[in-house]
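Take each chain as given, in its own frame, and dock them per the hints.
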Amino acid sequence: MSERLYELKISDVDLTDIDLADDRYRISHSQTNTALLAQSILEIGLVNPVVLLLVHDKHIIISGFNRVKAHLLNKALTITARVINPETSKQKAIGSGAIKSETIYIDYLVLAIGAACFKHQLSQVELIKSLIKLSVFMDAGHIAHKSGTLFNTQLNQKYIDELIAIGQLQPQGLALLESGHLSIKAAKKLSVLNGPDVLVFLMLLGAVKASTSVQLEMILYLTEISKRDKLSLKSVIQSSEIETIIDDENIDLITKTQQVRDCIYQLRFPELFKARQDVKQKINSLGLGRAVKIEPPPNFEAQQFTFSFTAKTYKQFVRHFNKLTTAVQDLKLKDIFSA
Amino acid sequence: MKINRLYIEKTIVHDDEINYLISKVGIDPEFVSDATPVYEYINAAMDPISRAKQTLFITNNKGAVIRECPGTTNYTCCDYTILHTGTFCTMDCSYCILQAYFHPPVLQYFAGLDSLKNVLEEKFKLNKTFRIGTGEFTDSLIWEKISLTPKFLVETFSKQNTSVLELKTKTVNIKSVLNIDHNGKTILAWSLNTPDIIHSQEIGTASLTARLEAAKKAESKGYRLAFHFDPLVIYPDCENQYKKVIDLIFEYVNPGSIVWISIGTFRFMPNLKQVIEQRFADSTICYGEFILGLDNKMRYFKPLRIQLYRTLVSHLKNYAPDLLVYFCMEDEEVWQKTMGFFPSKEGELGALLDESASKHCNLN
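Quick note, the sequences are listed as chains E and Y, same order.
Its first residue numbered 1, the first sequence is counted upward by one per residue in the numbering used here.
Its first residue numbered 1, the second sequence is counted upward by one per residue in the numbering used here.
Extracted from the complex, chain Y is given alone in its bound form (with noise of 0.2 Å):
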């Protein structure tokens, strides 16, 4: 969705980075003290959620910058950094668990480079190896055209060697990323679904191939590359499709510079269920057999869960048997059902993944 309403926080230091973004969001800014008047404004709307993803707020990030992942009990966390440049979306996927997470939704856009650089650097000088990603609560790449984030943060990961910067988008904004020295510290992940599933339920996001043939784009750049499917939507033939989406990756990039690809099936948090019931009228995402799963979030009933695993596993094994897949949120009986094994300790997949890290990107 297009920006027609722009915030910045009066305290917002007019440097560099925010005369860019202003210049090229290019509508004239309000600027407010604290975000009341952002709240009012996005809830004054009939569908506050459209609004909100209309309206840019340039504020400072009054919470933490860097964070562990809170993960959960019962289903194995891959121990994933995040860093918060940012909230909320413009695209506008139905199943967006965003949408029942803040209230309101505000689409938050963090100033301050400096910020980022000194936690950045603190975690730097730990000496260890962190993945760090800034997709968590918003895609990685939205402000790419309008902003020097991304191209900060890449040049900033490619001072050092200990950790890799994962950007997570379903855009195809890697222009300004594109021809910099990134030094192979920083992975351009897509998250991918079948063109059914991104026709009907990831409005404003690029198409398929449109994204597949960035990552092409970005291999050729030396980028390493993750994909994730997730979330996996259980519909009539999806096996197939997402067979083919498997088929079409391979097409594109080589398995040498996938660094991980990631699969986790639909699960929300009971109260998104209205929501999309509300915003997407045609959507039937959310009638699949979901279960209340044990931390308390709708699942797909575990034995359909485990067969489609199955399937796309063994397919993505056939292409690059030494390629890490791993489960987003799963637990024990379905790593052994589908993977024959389970990371049981604590960290162990972490590690898996670190070690992917340091192999595909040269870490210390």
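Looking at chain E on its own, in the form it has when it is part of the complex (with noise of 0.2 Å):
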């Protein structure tokens, strides 16, 4: 990749001539606003030329996917274009053999990466992408060592690696990603996964929408009692118990991310659960309303309970004194210590 095998030269290329079909070359797939961009294009101009390659007799595109779009929007004929020239020198040497195919396949997906990401950052899907489309041809220490120039930014090959790893989810783990359903951390976890498993983990996560660490939570629980119970994950994951919560459409996606995660947890610490529930219930019902709180100890190990209210003035602060006296004679505050 030294020496460019390719010469680019500006025209005006028909919109007919251009084969959208064709994106091999697609790095990004963010969801630019083409509406926007075909109305700054009538009023600015189209700043930068997209980047075609001539293959045969139709035009694929290199870099320019959304500019495109938005011309053909604008119901334009033409777009301008730097196309790439097949018949040049170095890529007649293809057919001689002194120069591989693939070669040249590489330098215009490099074209393609460089064109999106000295744009604007690649997300990290966008990564993931241009990382597999270019694994295909180099190894990740290759990549780590050129990252600079492909990348706009150094990567370490560890990170290529897993990187390329999560790419092999199935397109709906990408899609995830994309959605902000699957966090990279959770991928990663995903992806040492087999493909059954992952599908039914992404089922999941793309019904909710959960933080990164209630995603690995999710994981490593769902995991853990699949083997402690020597179920399959898809078993474990379609249980009646989640699968209730997550057809449920009457509950936003909030409140059905929480009762995912309460069930999953109810099913890894039954017991723990209880307990929980059962102080909780019993908390609730001595009616110290939201002032005065009671903190049980953290999963019962040691045996002190906190007790705690603030106030703003002396007023207040009887008032919160004297709900907590009229609990002392009642007998479930009694029944909480003896949990």
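Possibly wrong hints are sitting among the right ones.
Stated by the list, open to error - Below, computed lysine to any residue pairings styled on SDA-like, alpha-carbon distance capped at 25 Å:
{"no.": "1", "chain 1": "E", "residue 1": "K158", "chain 2": "Y", "residue 2": "E277"}
{"no.": "2", "chain 1": "E", "residue 1": "K227", "chain 2": "Y", "residue 2": "T209"}
{"no.": "3", "chain 1": "E", "residue 1": "K185", "chain 2": "Y", "residue 2": "V275"}
{"no.": "4", "chain 1": "E", "residue 1": "K230", "chain 2": "Y", "residue 2": "P236"}
{"no.": "5", "chain 1": "E", "residue 1": "K332", "chain 2": "Y", "residue 2": "I12"}
Said to hold, decoys possible - Distance windows between CB atoms, simulated:
{"no.": "6", "chain 1": "E", "residue 1": "K274", "chain 2": "Y", "residue 2": "V32", "range": "50 to 58 Å"}
{"no.": "7", "chain 1": "E", "residue 1": "K234", "chain 2": "Y", "residue 2": "R310", "range": "49 to 57 Å"}
{"no.": "8", "chain 1": "E", "residue 1": "G287", "chain 2": "Y", "residue 2": "I203", "range": "34 to 42 Å"}
{"no.": "9", "chain 1": "Y", "residue 1": "E277", "chain 2": "E", "residue 2": "Q124", "range": "25 to 33 Å"}
{"no.": "10", "chain 1": "Y", "residue 1": "P236", "chain 2": "E", "residue 2": "D248", "range": "26 to 34 Å"}
{"no.": "11", "chain 1": "E", "residue 1": "P297", "chain 2": "Y", "residue 2": "E277", "range": "23 to 31 Å"}
{"no.": "12", "chain 1": "Y", "residue 1": "N43", "chain 2": "E", "residue 2": "L36", "range": "58 to 66 Å"}
{"no.": "13", "chain 1": "Y", "residue 1": "P236", "chain 2": "E", "residue 2": "A165", "range": "45 to 53 Å"}
Hints listed in this document are in silico derivations from the structure and should not be mistaken for laboratory results.
The beta carbon of each residue, even a glycine, is placed where N, CA and C say it ideally should be.
Dropping the structure here:
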């Protein structure tokens, strides 16, 4: 790649001569507002010409998928492009066997990646997709070595290996990464599982919207339940308890996520969950309200409960204090300690 | 696991103890100036822990030969005294904390019966009861077939009347100590578990009945006995399975021969989990309801511990009401709810154990 194997010539290309279906060089699937871009092009003009490659009688896009789309929206007939001329002497060398065709492909690929990442910082999914395409021709060490010029940033080999492994997740995995339903850390955990297990996890994580730590917690606990109960991950994840929550269309995504999390926790730690619920119920039944808090010991390992309230005024202090003294007469309070 | 590599530190004196050991191992030793080549050899393996179990390093003990069990805050310790005769183990228990405790784990045999003798005699001179054991960082009897140490220790303790030696094991290696004069000052102790757990988690150890046969044999030679239900593992039907183990104990031995029985549920440093998952893929032992304990070890959720303890203690007491049963590293709530009392004062549990040792082993 030290020497460029192509020449770029500026020319106006008929939009009908562009093969829109061929997206082999597409790196970015960002949700650009094409209407706004189209309007901008109408008012300011096309600032950066797209990059096209002439293949037989058609052009395929190396860089500028959204710009071409915007032109179509503007009902333009042509677009200004930098066209790679396949009749260059270097390319002719392919025919003579002096250069392998895949060497040319890498060069176009690098051009496509460069066009994307020097324009904006690649998203993780764009980076993964680029790495997957590059990994066909280069090992992770080579990519790491070249990463500065390829990606406008240094990447180490381990990270590249991890991203390539994540790239092997089903297309749903990358889609969830893109939509924020799946974090890179969680994807990394999934990347070591087998295909069917990955799919059921993706279905679950796609149905909720959890933070990275909660995604990791769900993956960990579900995997452990599966091992503990000697059940397939599919049967654990698609158990009626979890499915009922997932299928409930009457609850919002945040509530659904919390309920799924609680359900998984309950399956993983049934006795601990029950104890927590019991104590919570007993504390609530004391009717102390929000101002007076009772915190049981973490995981009930220690024995100390914490009672606390805050007061801005003496009157408030007396009110909270009285609530507590009333609770002293309540057997349910005694019950909490003997749980 | 069988030893297939033997390293000896060059400075080790080749006396009867070492010559006997080398001849019994039956492998040409490699002499090394320090532990570095041993560490390198072990760490080069895909599974350093397995390799360490097959690599014996005969060396001098560079640290304390004898010391108090460190215990931990928040949980009651039995005030045991540890005699260091070696580290690590040839058996392969999934839950063994030594896998994560040493970095890397090295199967060390500490040479020098004289140094053991010297530190013990200093202890004996204090005219105080010590319960001394070698089973904290290794199994007390893994080297019995090839080493003079167990016999030496039993004989050394037999000549005094203030302290007891506890040899704790999962083997049946008692031949060399069976017919010697122990003077009742050695307690032979077996870790016990259910056949399910022995079979699935305690790889390379003796079966339950073999351990109890050995205990019976030891009892017939006048040895005092102890048993340790540690770790208790919670799994479906475990209560009945542990009760059956208790039934078996009393089929084999007399309650009067048992100095104490300890019980403790499985607990582990969090980093052991990864080791278990890597080395024992089929093990489900770390997927119980564990919470982070006050000593930063993972422990079963307390009500589950208490439930199992209650069952076991009650069953044990049915057979032997006066038997000293104690918890290893448990807190006041567990003691109170299970035993109905708590040795709250510092050294109180230790004093109870000393008392039982005195009674059973005729200590001054």
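Could you tell me which of the hints above the structure violates, numbers in ascending order? Of the numbered hints given earlier, those the structure breaks are 2, 5, 7, 8 and 13, listed in rising order.
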